[in-house]
Structures are given as C-alpha cells and as structure tokens.
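2 protein chains.
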Amino acid sequence: MQKSINYKLEQIGIIKTPYQNNAPYQPIEADKEEFYITINHRYVDGLKDLTKFHYIYLIYYADRIIRKTEMVVYPPWAEGKKVGVFASRSPVRPNPIGLSVVRIKNIVENKIYTSGLDVFNGTPLLDIKPYIKDLDNKTDANYGWIEEMDDMEHLMLHIKGIPHDY
Amino acid sequence: MQKSINYKLEQIGIIKTPYQNNAPYQPIEADKEEFYITINHRYVDGLKDLTKFHYIYLIYYADRIIRKTEMVVYPPWAEGKKVGVFASRSPVRPNPIGLSVVRIKNIVENKIYTSGLDVFNGTPLLDIKPYIKDLDNKTDANYGWIEEMDDMEHLMLHIKGIPHDY
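The listed protein sequences derive, respectively, from chains A and B.
According to our numbering, the residues represented by the first sequence are 1 to 166, in order.
According to our numbering, the residues represented by the second sequence are 1 to 166, in order.
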C-alpha cells in the first residue's frame, strides 16, 4: 500500500538563520536578530493578529537532507541508543517535514523575528500555526526513552539546543 | 517569488476516525478505540520506542479540503472575529498540512490507538514525532487573540473539541 502524494506544496516564506553549512546546535546569542522568517508578500495578510501569540509552530521542508532514511536511528549524544525514526526528532525521516516551536520576538511587515531554531539558512517554510495554551502545552507530557538515559539532563541540553561547555 | 515545491510526500499511514462526512467536534467517547492510525508495514520498524512517550505529534495532509484558501478567516464560534489564516488553526490554508497533539493509548503491531482528533476518516499521515516535555510544552504560552473574546472559555471548549451542552 505504498503511496506517494503528488500534491504540490507552496513555499510561503523562507527561514533565515546563521547556519550556512555547519551542523546546528551552535551557541545562540539570543539578543541578536539572527533568526527570522521572510514571508512572501502574497501571504502577508495571513499574519493578522499573529503577534498576539507568544509562541508559534513553524512547519518547514528540510530540503538540505541528503542522507538515506533509515527506520532506526542513533540520536546524537545518546550513547549509542537506537530508536525508531518516529520516536526521534531526526530530520532524516520518510517525509523531511520539520516542526519547531519558537517564540515570536517581533513582527515587522513581512518579517517575523523569532527565538533560535536549528535549521539551515534558506529553509523553505510551509506553514505557521499559533501555539495555543491548553491545546498544545501538555503538562503531563514525558521524555519517553530519554528518561532511561544516564545522562538525561545533558542530552536535553542538546535536544533543546542550549549551549554548554561539558 | 511564488514558488511551488514539487517533492513528493510519502503516505506513511492512514488516520482512522469516526468522522466520515460530518464536521468534527462531535462528542468523543474516550473509552472506545475509535481513533487509531494504521502504519504502512514498511515503516513499522520506525515505531521502536515510540510507546514510551505519552504524547505524539501527528502531521497529516488534509486532503478533503475543497474551500478556497483566504488570507483572513472567521474562526467558528468566535462571534465574527476575523484573524489571519496563520493566526488560526483552520484547515483551509496555503498548505493543508494538519498538526495534532494526541495521547498514545496503545500500540499493537502497526496500529497506534490515540486520544481523539478532529480529522476525517482516511486522512493520509505524513509524519509522527515524539512530543518531548520541556522542548514542546511551553509553560508561558498564551491564547493570543482568543484572550480578547468575551466568551473565551466556551471558545476553548470548541478549539479543544470538548463536548458541551451550551
């Protein structure tokens, strides 16, 4: 029952980050305006009232992925742990659709300045959705297999992209 | 700078719900196994360790949408309020990509039984990602423009799909 869907996707904008070629998870200087989204002009009216939300979801197409998709992956910094690709946030997956929750810092015309996110500069943006309290913040969420790791707190720093020295 | 992306999307599975033709937000009987996902067999190995998470993101293609996309939308039950499509969770958007956070109830072979979600039966599934505490639950999230509504609590019942009699 293998089935490809041929619908086209619209690029509604572009994500701008400092990450040109190197792997993400670099130190983030949160006070600089290094992370922003440029929305194509025909979609700007769709941003009305977006600024009232603290957080948004960004859905994007990770178009720089060249590695072959495997059903089991070895998450970085996880000591050789092997998990299913759908139990990971690896960008190398059957559909390279990325999802990030970011904070809105400012919206000026067609530019949305955000908190940091770990995608390459120029990544095509597919959608923005408001992150709505109660609907999206699940207070009884857990860490899944990450809870079984000896070095869980360190691993979470990597997963959250927080710079650290050890 | 209008640009369509022609990459194909893989259907990794199908979402099964009781919603055949009617609008969602029907009463949900949470004790029945009415909501589940069937994963295509070639992707089943990707589910390893997924069951350790309480919540997952489902990313799907809302292929039953026929209304024309508008940049401003009138959210249902919001008293004529007009907001940008990206400040809404309307399924009618430039890319009809849906996102839901659901609770995993059980995983049996290639079937994932979940809490309720408001999509039509047979919706193509594109991706599953683990919802990771601290990364995804933003405790300082807000309700955006919804906070300005007189009847905010009632509106949130609709947004969350919770049955109610008034």
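It is worth saying that the hints were derived from the structure and are not from the lab.
Hints are not guaranteed to be accurate.
Remember, identical chains collapse to one label, so a pair may be satisfied in a single copy or spanning two.
To be verified - Quick list of in silico lysine-lysine cross-link-like pairs, DSS-like style, CA-CA up to 25 Å: (1) Lys68 with Lys138; (2) Lys8 with Lys160; (3) Lys160 with Lys16; (4) Lys111 with Lys52; (5) Lys68 with Lys82; (6) Lys105 with Lys68; (7) Lys8 with Lys82; (8) Lys16 with Lys111; (9) Lys138 with Lys8; (10) Lys81 with Lys48; (11) Lys8 with Lys52; (12) Lys8 with Lys81; (13) Lys138 with Lys105; (14) Lys8 with Lys105; (15) Lys82 with Lys16; (16) Lys138 with Lys52; (17) Lys16 with Lys81; (18) Lys16 with Lys138; (19) Lys105 with Lys82; (20) Lys8 with Lys68; (21) Lys48 with Lys160; (22) Lys160 with Lys81; (23) Lys160 with Lys138; (24) Lys138 with Lys111.
Verification of the supplied hints:
1. Lys68 with Lys138: Classified as neither; 33 Å inside a copy, 32 Å across copies.
2. Lys8 with Lys160: neither (31 Å within a copy, 30 Å between copies)
3. Lys160 with Lys16: within (19 Å within a copy, 32 Å between copies)
4. Lys111 with Lys52: Within one copy only: 15 Å inside, 38 Å across.
5. Lys68 with Lys82: Classified as within: same-chain Cα gap 16 Å, cross-chain 44 Å, threshold 25 Å.
6. Lys105 with Lys68: neither (36 Å within a copy, 31 Å between copies)
7. Lys8 with Lys82: Neither: 34 Å inside a chain and 28 Å across chains, both beyond 25 Å.
8. Lys16 with Lys111: within (10 Å within a copy, 38 Å between copies)
9. Lys138 with Lys8: Answer is neither: 32 Å inside a copy and 32 Å across each miss the 25 Å cutoff.
10. Lys81 with Lys48: This pair counts as between: shortest inter-copy Cα distance 12 Å, intra-copy 44 Å.
11. Lys8 with Lys52: neither (31 Å within a copy, 34 Å between copies)
12. Lys8 with Lys81: neither (36 Å within a copy, 31 Å between copies)
13. Lys138 with Lys105: both (23 Å within a copy, 15 Å between copies)
14. Lys8 with Lys105: Neither way: Lys8 and Lys105 sit 31 Å apart in one copy and 33 Å across, limit 25 Å.
15. Lys82 with Lys16: neither (32 Å within a copy, 29 Å between copies)
16. Lys138 with Lys52: both (21 Å within a copy, 16 Å between copies)
17. Lys16 with Lys81: neither (32 Å within a copy, 32 Å between copies)
18. Lys16 with Lys138: For Lys16 and Lys138, only the inter-copy Cα distance (23 Å) is at most 25 Å; the intra-copy one is 29 Å.
19. Lys105 with Lys82: between (36 Å within a copy, 23 Å between copies)
20. Lys8 with Lys68: both (22 Å within a copy, 16 Å between copies)
21. Lys48 with Lys160: between (29 Å within a copy, 22 Å between copies)
22. Lys160 with Lys81: within (18 Å within a copy, 36 Å between copies)
23. Lys160 with Lys138: For Lys160 and Lys138, both the intra-copy (17 Å) and inter-copy (12 Å) Cα distances are at most 25 Å.
24. Lys138 with Lys111: between (29 Å within a copy, 23 Å between copies)
Checked against the numbered hints above, the structure violates hints 1, 2, 6, 7, 9, 11, 12, 14, 15, 17; every other hint is satisfied.
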